[in-house]
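Protein chains in written order, with numbering that gives the first Met the number 0: chain A, 0 to 350; chain B, 0 to 350; chain C, 0 to 350; chain D, 0 to 350.
Each hint should be verified, as a subset may be incorrect.
One copy or any two copies: either way a pair holds, since identical chains are not told apart in the list.
[Unchecked claim] Taking lysine-lysine pairs in the DSBU-like style, the calculated list, with each CA pair at most 30 Å apart, reads: (1) K275 / K55; (2) K275 / K2; (3) K93 / K55; (4) K170 / K67; (5) K302 / K91.
No lab work stands behind these hints: they were computed from the structure. On a predicted model such as this, the values are computed, not experimentally measured, just so you know.
There are 4 protein chains.
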Amino acid sequence: MIKVGIIGATGYAGAEIARLIYSHPQAEIVWYGSRSYIDERFSSVYGNFFNIVDEKCLDDNMDELAEKVDVIFTATPQGLCAGLVNDEILSKVKIIDLSADFRIKDVSVYEKWYGIEHKSPQYIEEAVYGLCEINRDKIKGARLIANPGCYTTCSILTAYPLIKEKLIDPKTLIVDALSGTSGAGRGAKTPNLFCEVNESVKPYGVTNHRHTPEIEEQLGYAAGEEFTINFTPHLIPMNRGILATEYASLMKKSDGSLPTASDIRAAYEKYYKDEKFIRLLPDGVYPETKWVETSNFVDIGFKIDERTGRVIMMGAIDNLVKGAAGQAVQNMNIMFGFEESMGLDFVPAFP
Amino acid sequence: MIKVGIIGATGYAGAEIARLIYSHPQAEIVWYGSRSYIDERFSSVYGNFFNIVDEKCLDDNMDELAEKVDVIFTATPQGLCAGLVNDEILSKVKIIDLSADFRIKDVSVYEKWYGIEHKSPQYIEEAVYGLCEINRDKIKGARLIANPGCYTTCSILTAYPLIKEKLIDPKTLIVDALSGTSGAGRGAKTPNLFCEVNESVKPYGVTNHRHTPEIEEQLGYAAGEEFTINFTPHLIPMNRGILATEYASLMKKSDGSLPTASDIRAAYEKYYKDEKFIRLLPDGVYPETKWVETSNFVDIGFKIDERTGRVIMMGAIDNLVKGAAGQAVQNMNIMFGFEESMGLDFVPAFP
Amino acid sequence: MIKVGIIGATGYAGAEIARLIYSHPQAEIVWYGSRSYIDERFSSVYGNFFNIVDEKCLDDNMDELAEKVDVIFTATPQGLCAGLVNDEILSKVKIIDLSADFRIKDVSVYEKWYGIEHKSPQYIEEAVYGLCEINRDKIKGARLIANPGCYTTCSILTAYPLIKEKLIDPKTLIVDALSGTSGAGRGAKTPNLFCEVNESVKPYGVTNHRHTPEIEEQLGYAAGEEFTINFTPHLIPMNRGILATEYASLMKKSDGSLPTASDIRAAYEKYYKDEKFIRLLPDGVYPETKWVETSNFVDIGFKIDERTGRVIMMGAIDNLVKGAAGQAVQNMNIMFGFEESMGLDFVPAFP
Amino acid sequence: MIKVGIIGATGYAGAEIARLIYSHPQAEIVWYGSRSYIDERFSSVYGNFFNIVDEKCLDDNMDELAEKVDVIFTATPQGLCAGLVNDEILSKVKIIDLSADFRIKDVSVYEKWYGIEHKSPQYIEEAVYGLCEINRDKIKGARLIANPGCYTTCSILTAYPLIKEKLIDPKTLIVDALSGTSGAGRGAKTPNLFCEVNESVKPYGVTNHRHTPEIEEQLGYAAGEEFTINFTPHLIPMNRGILATEYASLMKKSDGSLPTASDIRAAYEKYYKDEKFIRLLPDGVYPETKWVETSNFVDIGFKIDERTGRVIMMGAIDNLVKGAAGQAVQNMNIMFGFEESMGLDFVPAFP
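With the hints as extra help, turn the sequences into a complete structure.
Listed below in structure tokens is the structure:
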């Protein structure tokens, strides 16, 4: 049984880690860190934990935490983890950072898109991008995991095999994505009020959402070359879920013909056939966020349009699970040698 | 490991049983019965089960089922279970009926409120009303369980201790209840379309909802006398959850004074102190359905109004879990000697 | 064409006044007061007004406003209107106050329930409670209107005729009410975030909601005696709408029998037959908030329960229209001698 | 005052026509046609019309209707209007058809995408595609209007000026669109139940939605050449509203440089500057469906991405108003010489 500490336990992602770890047979939470609610019961902030978790929230003391736990999850705003981590801490404890601090290898890109100075760029190289299905081997030995963003997890996994296999032209890639409102966090802001979100939909961060360079970097590794994409997120009136609809032009095969549905399917199966959490849907079936809600699954479907020579790829995840807390636990499982699906092997809740 | 069969597996309650049993360490489903989807994959009806359950749906053959399984859940319309059950079946298999067929002891009351003839009244006496926290001992040895209704589970448990302890006058009891739309089932009816339900709320079944006599009967046992109540359900725009707000006049104590908040709390604790699934909330905290969603919990709060001499009792459940499938699994656990919370011990999902 | 000023134009109720007045043939808004958004375009706060209203928001200067307009709507927190009004202002301009400042005749009741000192109790007596269907005659000549609360408008109108005609026992009255989230205002508070409200329902203000004494006072006038009630509001996941479900014991008629459905209907018709905005529904039809959305209608239905000797009364309004801005405009129409339904005569929007 | 008949009055679009015409000063409905509800009161189907419209629903008798009214709106499934219309009817009455029967000039394209035989192809040439802002002059004298589809109205108007002005390469156009559920109609189908739609989002009709050829045809006229596009609709959990997010590569200007934001804005203004119902949003502001809800507005915003050389165009409408009933009324206004905005000039309802 390993000991777990959460910094930022009272955000939606932090609380979701607490929910998942409660059902994990080999891990237990011993530190609910929340600067905003110090000394308040965690269950007074999240009533779903009433009579389940009695602990009070503690401060974000990473030094003390490093003595007490085996792994720290930082579910905090950008900059916090980078500002706290140091050699001593990393020598004592594994860190899974759910912020963007260590996701982007080029620190100047990070600083440009996030608008803040990086406080510990010396750890960026070491940090492993924790997209489990792609970087499993590197995750095993890592001390510091950069847990991927929610949009990025969905966007990358949906296109990865087709880019890797050069079935699509990466420069034509367009990612149009929709997210439930829990992705906006629990901060009290007028645009996230019920009456503002309900019965409406809006694009935001058009051409400049911070997940853009993260998607470009990771898919760039797959393509073997750098390229830019368009990524447009939208806020829709639901709690959980991300759907990415992605468009790209098909690349001609060596015989001059365009890839067929079979070619596309074969590429997906090559990379995902044995992946428990990636479900490649049958032809004609497209992902719906409700089928993955509360779970760690990624559902993927696709359709070729022969008229335009493009393929439409569609992926769905639960933004708080595979897009945050679930993938963080999956990373923890890999790092500690547990069964990778431990604590994550259940049926999505519907309706 | 016991074997489980579901008749009516493709309704919302049936599918919820399948979801819960999947995580149950001592039970497995071997029969997904669904007359409407025979020979179709269960996971083609409920995409959340894709790659998890590969079985196809089977017919509602209770005789064959009785040979193959240890327990049958009937999550079917009223009348079906009563029409199929017989001595031989009951001698071979336990039955947990989620319909109303065996909930009401007086067959004439059943036939009047449900408007159908009861096909096997000879089993009504034997059937145990499966409200686990109240009838645990009888459930242990039962062959046939009448799993309580969703509104009734919430309404009864919220008022039971105060009626049992004669702190409130049962004749003054008014139950005003709100339900998410999954309670209306998965049938394709215009009033349950998204656009009809969303952004609206409506009362229905005013004075004549079928759960009324069930509440009256069970609370009548607690009171030691018969009485009538007002029960008004409302449909609200959410998927899961029931909230019951109940009003009753306080009864004077032997010294002529009215019960205090301490008296009320003591009564709840007397009956529920050791109940894992009933959470008595602190003073000033009232239940919210989001805190119990996807779980088997019943959250209960109360407030005395000294101005009017009434107590307001409030209870919340997830209608598909404690109000249907979860309680059914809890009944199964009791009947088979498993830990009562087996497969049901997890944190409610929020948001 | 009269000139209108709004103080608090950027709250939901204030903006709804602006929406309604735009379609009013005899009134125009010349002052969009909003302390929070001074010098910002009104349409930058409420995008629905883009290209329709070009004015910028102004300060809450009631003295200046009194020179410029014929009527001021104060859609502001409690205490603001009472703190600004004075003899000179009242001599120049009509005021329709949407706050609670002048709704309650007994200043000590106001100060107790609202927890603030009343700054101009000398105008309470003069102020007319602007429940149009009940106080129409007094409204005509008034200088200062206390526009009723949203819950109170719905609760009072639903029960008024039966209390006035002594068909029900007022001391048994219980009002269980449900409100959409716009009633909570546009302030940025965590409990009103989309993810907190969506997929949930909760009671609040149990036994101590501030609309309680307002309902009691007004219905007390109808009853000819003081009495206390239970009023329990609930927050439900929709934008607009209030539904009140009210319970009361029927009073015996002079011949010893209980009132019939015909008696109840006759009482409603006696008071509401000619009321354009009150729609008494046919037997067996109960109000649904969607049928009144965006409109000034009050839909009322009822059902007698002979088993319990109670009548269940149900009323529905749009909280922002008949519960706030619409009734305010209706009051304006009465005060200025316009057709009472002017600017309010349209079909509710559905779905 | 002209007389109006509706065939298909009890669908969502039909009822929306009734709502709008009620507030129209120069038109009145004299025929509520609905085969499904013959002899039932229209207001018993749509409670929002209670006490407002007393008429009963009538049959779809177009011959009789032609004698009685000045204009017929057919808000019916594909094929019905084409099956009923004939020379005599067209000589007596104007027809505004909200179905797709006369939208597509090439009957073989219609028959291929809709899968039905066209019963009166002889009127296709005469029919005017009623996209008011583009075809206003032709609409004036038309007898038969093909009222555009909801997705198409939004998709076309959002891209039209940029294609017309050759600022974008039409072959690169991708339209990713989101619709509220009223677009799916009022038919009782399981996928449109509240619990199936709520808390989920899904793509559908991928590469083969029927609005695709309609968009291609109309934008092809603007481009002066034929081309194909990708159009992907998604169903999202809200009642009303369509948002189209459109992507296209910028075309080099004659000097070899790419168009700037000023160029894009100038193109939009060239075509839409005087259009009351098209609102070109300021730089950095993107459309949200809530700002157009219940209204006839089209809100349009855009953003150039210099990194990818694309422009992202975004448009929002209310699918039942500008996407159906509102545009139909706008067409009626043009045909009968009324002020084009008559009956449509009001502030969108929010929240």
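Hint-by-hint comparison with the structure:
With identical chains, the CA atoms of K275 and K55 are at most 30 Å apart between copies only, with a shortest distance of 21 Å across copies and 35 Å within one. Within a single copy, K275 and K2 get their C-alpha atoms as close as 26 Å, and across copies as close as 25 Å, so both meet the 30 Å cut-off. Proximity of K93 and K55 under a CA criterion of 30 Å is satisfied intra-copy only: 23 Å inside one chain copy versus 44 Å between copies. In this assembly of identical chains, K170 and K67 lie within 30 Å of each other by CA distance neither inside one copy nor across copies; the values are 47 Å within and 57 Å between.
In this assembly of identical chains, K302 and K91 lie within 30 Å of each other by CA distance neither inside one copy nor across copies; the values are 48 Å within and 47 Å between.
Of the numbered hints listed earlier, those contradicted by the structure are 4, 5.
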